Amino acid sequence: RSTPLYSSAASDVYKRQAKDGSNLVLSLDVNVQEIAERYLTEAVAANNVENRGCAIVMNVKTGAILAMASKPDFDPNTPLDFSANLAYLQEQVAAEPELYTIYLRDENDSKKFKLDENGNKIVDPDPDYTGTYRDILWKNKAITELYYPGSVFKVITSAMGLDSGVATMNTTFTCAGAYGVAKETYHCAGHKAHGTINMADALRQSCNLYCIQLGQRVGSQQFYNYFDAFGFTERTGVDLPNETSFMQYYSKSRLGEVELASSAFGQAMAVTPLQVCTAISAAVNGGYLVTPHVVDKITDQNGNVVQEIGTNIRRQVISESASETIRQIMEYEVGDGTTTGGGSNAYVAGYRIGGKSGTAERTDRHLRGDGDYYKMMSFAAVLPIDDPEIEVFVLLDDPRWVKDYASQVVAPVVGNIISEIAPYLGIEQDADYNPTGTVTVQTCLDYTWTNAQVTLNRLGLKHKLIGPSSGNIVYQYPVGGSVVPAGSTIYLYTATDQNSMTTTPDVVGKTGTFAEQMLKAANLNVQFA
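Those letters in the sequence shown? Residues 5 to 533, per the working numbering, in order.
Treat the hints loosely; a few may be bogus.
As the list claims (entries may be wrong) - Taking lysine to aspartate or glutamate pairs in the EDC-like style, the calculated list, with each CA pair at most 20 Å apart, reads:
1. K466 - E432
2. K143 - E111
3. K466 - E424
4. K468 - D501
5. K116 - D128
If you are wondering where the hints come from, they were derived from the structure by calculation, not from laboratory data. Given the structure is predicted, the values throughout are model-derived calculations rather than measurements.
All chains should be built: construct the whole structure from the sequences, respecting the hints.
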């Protein structure tokens with residue numbers, strides 16, 4: 005006979021005492037998250053980014069995510085209030101009517117559209133875009149949306165060549181400006197001819213033709229095997245919901261000579277930003293592909309650790325020696341503050357940084373209204389490059405600005421994030437750097453906010469923006485030519501040429517160390533006489 009699962013009797017053996025749930029302790033750092041969100045928000049606004057941006061800060065050895073942001077986003081307390089981003093959302097809907105236009109539905113069959121006398125769908129005169137806005141802003145762009153990595157992927161192609169033994173850092177190929185593969189002709193950006201160059205110069209100059217020839221030497225089958233090993237054919241396994249599994253790439257059987265050529269410089273696959281982030285981590289951390297995670301540990305109500313997440317190494321993709329060479333190449337890309345071009349805009353004084361930019365054209369879409377391709381610009385940076393700890397990755401999806409390359413648009417954003425999180429996290433500075441010296445402030449008048457940031461990062465100076473990020477600098481304090489302690493903050497004004505004032509804390513009777521802390525907390529520069 006059947007036994008009831010529930011009884012109201014006091015002696016019912018099926019009643020069970022409620023059990024307290026567990027607590028999640030996250031790897032996310034509130035300060036790192038705030039810094040990443042602030043600079044990403046500025047970049048999206050200043051560069052008229054059409055399809056949002058995202059940022060990831062991750063420990064390259066453990067996979068612990070310290071920050072992950074998508075901007076614009078929403079207030080989780082009022083998730084259906086889109087007023088703060090309404091202008092942005094309306095612009096996006098208007099810019100891509102083929103994606104977002106709402107049409108009238110047939111009253112008798114909601115699966116069908118109403119048609120006019122010519123058989124065309126009829127635009128809804130009073131559309132409700134709540135669902136559209138929700139879909140745009142609620143997605144975690146880092147794991148739910150695909151992007152074309154472009155030249156960032158050249159790091160992975162180089163790692164393939166090094167680990168397989170078909171190339172070294174000194175291997176040269178000739179870039180004559182055009183290169184034919186079957187019936188296709190490939191070019192470098194701007195149809196440049198880089199001449200005969202080695203691997204490090206190829207990455208700094210982002211030479212497509214070098215990577216095509218390197219990919220040919222690796223070969224289709226081996227290329228796919230590495231592509232798979234670096235994690236591009238499967239989810240990263242991050243402990244977050246809705247990570248997509250619909251990556252787009254050529255399978256091993258379809259990776260012909262043209263497909264291989266396009267894949268070698270990052271234009272033939274669509275993957276997630278987090279997949280690229282974890283692959284770059286593997287390329288620099290000794291070759292180990294780790295599972296990214298945001299949960300650090302699980303505790304009970306008394307604070308006892310129930311489960312420690314720890315590091316999950318999925319596999320070793322490349323050798324330690326190949327990884328060491330990749331680190332050298334990526335540091336050459338960013339430089340030491342005395343170089344220009346490449347990823348030099350991500351340089352921050354005192355830190356050894358490696359990086360790579362990527363500007364990918366969305367050739368799968370029609371041209372934009374201005375006649376240009378839709379572009380996805382990203383930059384990945386790692387530091388300290390001799391013993392990597394942290395990766396900072398930023399993607400701006402279709403910025404509409406006068407600059408045309410990620411090295412110009414996204415690298416400064418990454419440098420700005422590094423300039424604040426590196427000292428906060430205690431990242432070791434280069435032994436030759438003297439942070440206790442003085443610096444002569446360079447004038448930033450008439451600079452864009454981005455150029456001003458790059459200039460001050462190179463000098464080891466902090467910066468604070470007063471006014472909108474879209475305007476040029478009209479006033480700064482301290483002024484150009486001033487001699488200040490290294491690490492001082494320069495205040496940059498875009499809306500007024502009048503200096504703002506602040507209240508100085510009373511530090512009389514305080515120790516020098518405590519007085520310095522108080523003054524810096526009040527956003528004042530400090531120098532003891």
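Verification of the supplied hints:
{"no.": "1", "hint": "K466 - E432", "verdict": "holds, 17 Å"}
{"no.": "2", "hint": "K143 - E111", "verdict": "violated, 31 Å"}
{"no.": "3", "hint": "K466 - E424", "verdict": "holds, 8 Å"}
{"no.": "4", "hint": "K468 - D501", "verdict": "holds, 15 Å"}
{"no.": "5", "hint": "K116 - D128", "verdict": "holds, 14 Å"}
Of the numbered hints listed earlier, the single one contradicted by the structure is hint 2.
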